[in-house]
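Can you build the whole structure from these sequences, using the hints too?
Protein sequences appear in the order of chains U and V.
Residues 1 to 413 in UniProt numbering are what the first sequence lists, from first letter to last.
Residues 1 to 413 in UniProt numbering are what the second sequence lists, from first letter to last.
These are computed hints drawn from the structure, not numbers from a lab.
Remember, it's a predicted structure, so these values are computed and weren't measured experimentally.
Hints are supplied without guarantee of correctness; some may be wrong.
Because identical chains cannot be distinguished in the list, a pair is counted as satisfied if it fits within a single copy or across any two copies.
[Unchecked claim] No more than 25 angstroms apart at the CA atoms, straight line, and that leaves these computed lysine to any residue pairs for SDA-like:
#, residue 1, residue 2
1, K24, K40
2, K140, E406
3, K234, G313
4, K326, T264
5, K51, E316
6, K84, N413
7, K232, V131
8, K31, K234
9, K40, S383
10, K51, G226
11, K24, D338
Protein chains: 2
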Amino acid sequence: MERKVLLAIADGLGDRPCEVLGNKTPLEYAKTETLDMLAKNGTTGIMDLYKAGVPVGTDLGHLILFGYGIEDYPGRGPIEAFGKGMELIEGDVAFRCNFATVDDEMHIVDRRAGRIREGTKELAGALNGIVIDGITVLFKEATEHRAVMVLRGENLSSAISDTDPKKEGLRIKTSTAKDDSKEAAFTADLLNKVIVKAHEILKNHPLNIKRIEEGKFSANCIVTRGAGKMPKIKKITEKLKFKACCVAAEDTVLGVANLAGFETIHKSSFTGNIDTNIEEKAKAAVEALKTNDLVVLHYKATDLMGHDNNPQGKVETIEKYDNMLKIVLDLIKEEKLDDVIIALAADHSTPCERKEHSGDPVPVLINGKSIRKDYVEKYDEISCSQGGLNRIKGSDLISILLDYLELTVKQGN
Amino acid sequence: MERKVLLAIADGLGDRPCEVLGNKTPLEYAKTETLDMLAKNGTTGIMDLYKAGVPVGTDLGHLILFGYGIEDYPGRGPIEAFGKGMELIEGDVAFRCNFATVDDEMHIVDRRAGRIREGTKELAGALNGIVIDGITVLFKEATEHRAVMVLRGENLSSAISDTDPKKEGLRIKTSTAKDDSKEAAFTADLLNKVIVKAHEILKNHPLNIKRIEEGKFSANCIVTRGAGKMPKIKKITEKLKFKACCVAAEDTVLGVANLAGFETIHKSSFTGNIDTNIEEKAKAAVEALKTNDLVVLHYKATDLMGHDNNPQGKVETIEKYDNMLKIVLDLIKEEKLDDVIIALAADHSTPCERKEHSGDPVPVLINGKSIRKDYVEKYDEISCSQGGLNRIKGSDLISILLDYLELTVKQGN
Chain U
1 MERKVLLAIA DGLGDRPCEV LGNKTPLEYA KTETLDMLAK NGTTGIMDLY
51 KAGVPVGTDL GHLILFGYGI EDYPGRGPIE AFGKGMELIE GDVAFRCNFA
101 TVDDEMHIVD RRAGRIREGT KELAGALNGI VIDGITVLFK EATEHRAVMV
151 LRGENLSSAI SDTDPKKEGL RIKTSTAKDD SKEAAFTADL LNKVIVKAHE
201 ILKNHPLNIK RIEEGKFSAN CIVTRGAGKM PKIKKITEKL KFKACCVAAE
251 DTVLGVANLA GFETIHKSSF TGNIDTNIEE KAKAAVEALK TNDLVVLHYK
301 ATDLMGHDNN PQGKVETIEK YDNMLKIVLD LIKEEKLDDV IIALAADHST
351 PCERKEHSGD PVPVLINGKS IRKDYVEKYD EISCSQGGLN RIKGSDLISI
401 LLDYLELTVK QGN
Chain V
1 MERKVLLAIA DGLGDRPCEV LGNKTPLEYA KTETLDMLAK NGTTGIMDLY
51 KAGVPVGTDL GHLILFGYGI EDYPGRGPIE AFGKGMELIE GDVAFRCNFA
101 TVDDEMHIVD RRAGRIREGT KELAGALNGI VIDGITVLFK EATEHRAVMV
151 LRGENLSSAI SDTDPKKEGL RIKTSTAKDD SKEAAFTADL LNKVIVKAHE
201 ILKNHPLNIK RIEEGKFSAN CIVTRGAGKM PKIKKITEKL KFKACCVAAE
251 DTVLGVANLA GFETIHKSSF TGNIDTNIEE KAKAAVEALK TNDLVVLHYK
301 ATDLMGHDNN PQGKVETIEK YDNMLKIVLD LIKEEKLDDV IIALAADHST
351 PCERKEHSGD PVPVLINGKS IRKDYVEKYD EISCSQGGLN RIKGSDLISI
401 LLDYLELTVK QGN
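Laid out in structure tokens, this is it:
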């Protein structure tokens, strides 16, 4: 039986002592039999995703966990585009968009076109494939009023300003170049033409005429933000020749996984919240282990509780995470996958007291029959700081795991 | 109550086992109730200021502790200039100078002008503001015979040799270019002209005529060393928008603090030696906490004992440092500052056996109610190596502390 790696990522897991938990962190406080059993039979450590004391976003945190450096970070637009299954190539410039409602003078009436939910696929389809000044516009709907747009062609730049005025009553902003390059001037000008062209197409679209008849806001315009240019990065699965899969609910994580060349599995029962179906997720992950070398199993709810300053809730979501891992282990046994390395990590800390990501290191753990065991018996921020992995960087973890799969490239001879 | 950070730095604190202390380090041997209490309720680690096994100077050590990289190190001249309260700008070239006594043929009669103590302010004033070849000379007296000189203008280089021959009887050296650039040739030539011009002005200065009448050495010349060019660096307090203050006795530390944009507090009772007034220092630091986000409290005597190979003396200075921290904690309590993070660090090790700075890591500690506590119960080099911070770099510490103040910049989204 071939060796496999399952990497479980609890988003925003790391925390600080919480007064309501008797000055324990939620992870210290929670009852986590499975996580602790994995610690007892594995090795542990703490990890700075990028640098000690520097918070990272979920996108960059996962980009690093999936084998990239901060220099590969393409900005939010491209990651959202990947999250929607679009395949970006080097030089593409991607944006996050809203469908919005404007009046005849392009003043924003509603930034979300009445939180439009239906018909955005058709509207996006009407914009997809427009060509202006030799540049192709790719357009895809996302959740509710959201969408992603990609400009594809020569000499594009992401150094251009947003067109979203962020407020009703204001006119859509004219995009301008943020640097002196010809490319930025060209792209800003192009984006402004795209906005006008999109308005022409959308205002006359049958779905919008119908929306007006029904007394709804017409999704007659788009506004953009977060321009990001796709850098020259190779899919890690192609570079190192392995198969990987990511089981997740969240578009951002799925986007980074797509960018890295991972297959992605997302079902409607994966909610990205505490009500997510952990049986389904565990099952999907173990099923994926059969055909992949590396499977990432992402769990979002822990992060939300940190953002909400809800230590009790974070304890609860951690105990559910522990349950999910128990199901995973049971299924692995059932499926007789007898050489699976289990790794536990997080993309950043989200301390309840801070309600935001922080630079505190996250606890990591690696368990498997070939792993050097240390003396740590619990999976939490404090215990793991005593572990055999010591303090590592985010980029180290994937490298260590891929080395167990004999995929890392030997240096020297 | 807003969160504050107090960073106490014991200069040259780290050491090696000393035979006379039963093979304990001075910090292990010393009775340090307060430091140990802070360890018991905080987290600890060891720290390489720059790289493992690489000693750093007090200037670079503090530059790193205050948030800069080795690439920002401007050389000794600029740091001394900042230490004297001069505000350097990008492109300035600064030097450490001595007032000296020369004969008519520019041979050194006394390198320190008889260790002149009085009138240097007037003499420096006479040189300050000279303009030669479009370059302005700024001049300021320092302790005793010492002074700092800054050349300000276009196209200056610091790649030039010293003019100080370092020995009586020798002629003042002619500065020469250390590389092939036009700038270095220009600056060396200019410096030679400055030396001649300064001699003309000084030898006829009334204060020197009076000195000769009194049978004293005439401070009729200057010699220079340590040319350093001010790099383009932004004050960290401006870059990250916070208020910081440094309480210290030593010009070098005050210089780095000024460079970093910290307010500085220096009273005559702060001596930089074991007789320094710890009550006054503690009081100044806690007072500064009220109006600053970060306060650095520097303690010099530990380093001196290392340089003197005086383990017993180092123990004594460490116990005094422990007392200073006790006073600090009492005052913080008294002032009801209820969310102060206390961090302990050092700028380098100065092992007694070496009598010089070494590359041994230094013990660090962070204490505060939001800090993940570890299992370490003593603040010393050995105990801290078991701590929850593990082994960090000098640049990590300030980053971690600024993250508790929510000042570090999140990467990604």
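Results of checking the hints against the structure:
no., hint, verdict
1, K24 with K40, "both (20 angstroms within a copy, 15 angstroms between copies)"
2, K140 with E406, "neither (38 angstroms within a copy, 36 angstroms between copies)"
3, K234 with G313, "neither (39 angstroms within a copy, 42 angstroms between copies)"
4, K326 with T264, "within (22 angstroms within a copy, 57 angstroms between copies)"
5, K51 with E316, "neither (29 angstroms within a copy, 37 angstroms between copies)"
6, K84 with N413, "between (42 angstroms within a copy, 17 angstroms between copies)"
7, K232 with V131, "within (24 angstroms within a copy, 45 angstroms between copies)"
8, K31 with K234, "neither (41 angstroms within a copy, 48 angstroms between copies)"
9, K40 with S383, "both (11 angstroms within a copy, 16 angstroms between copies)"
10, K51 with G226, "within (24 angstroms within a copy, 34 angstroms between copies)"
11, K24 with D338, "between (35 angstroms within a copy, 19 angstroms between copies)"
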